[in-house]
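When we follow numbering that gives the first Met the number 0, the leftmost residue of the sequence shown carries the number 0, and every step to the right adds one.
A hint or two may mislead.
Said to hold, decoys possible - Restraint ranges, calculated between C-beta atoms of paired labels, are given here:
hint : residue 1 : residue 2 : range
1    : Arg6      : Asp61     : 22 to 28 Å
2    : Gln71     : Ala40     : 47 to 53 Å
3    : His32     : Ser1      : 30 to 36 Å
4    : Asp23     : Arg63     : 46 to 52 Å
The set of hints was computed from the structure by calculation and includes no laboratory data. Beta carbons are placed, not taken as given, at the ideal position from N, Cα and C, and that holds for glycine.
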Amino acid sequence: MSTKLRRLQSWLGQMDRHVRKAVDETLSDELLHVLHDLIDAMQQRLKERLEATLAAAEERLDRRVRGILYPQQGEGELIAPSHLYSES
Numbered sequence: 000m001s002t003k004l005r006r007l008q009s010w011l012g013q014m015d016r017h018v019r020k021a022v023d024e025t026l027s028d029e030l031l032h033v034l035h036d037l038i039d040a041m042q043q044r045l046k047e048r049l050e051a052t053l054a055a056a057e058e059r060l061d062r063r064v065r066g067i068l069y070p071q072q073g074e075g076e077l078i079a080p081s082h083l084y085s086e087s
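With the hints as constraints, model all of the structure from the sequences given.
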């Protein structure tokens with residue numbers, strides 16, 4: 000799991016605790032359960048979206064690396080640093 004995802008989950012956990020404490024002090028149990036479910040659903044959706052974004056970024060990076068390492072095979076995107084092709 001990426002560092003950003005862990006940080007975000009930690010922050011969401013802290014926010015969850017703050018919200019739960021505030022809600023516990025002021026709202027009815029029924030509304031509290033609804034809010035907890037909403038927070039849990041939002042955390043799960045955010046985690047899924049972050050994981051999908053991370054997977055897509057990893058796939059793009061893999062294609063770029065394959066394009067640099069194996070340009071003759073036509074795989075991936077051919078993106079290489081300009082100093083590799085400098086004309087002397």
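Query raised in the report: In ascending order, which of the hints set out earlier in this document are inconsistent with the structure?
Result: No numbers; nothing is violated.
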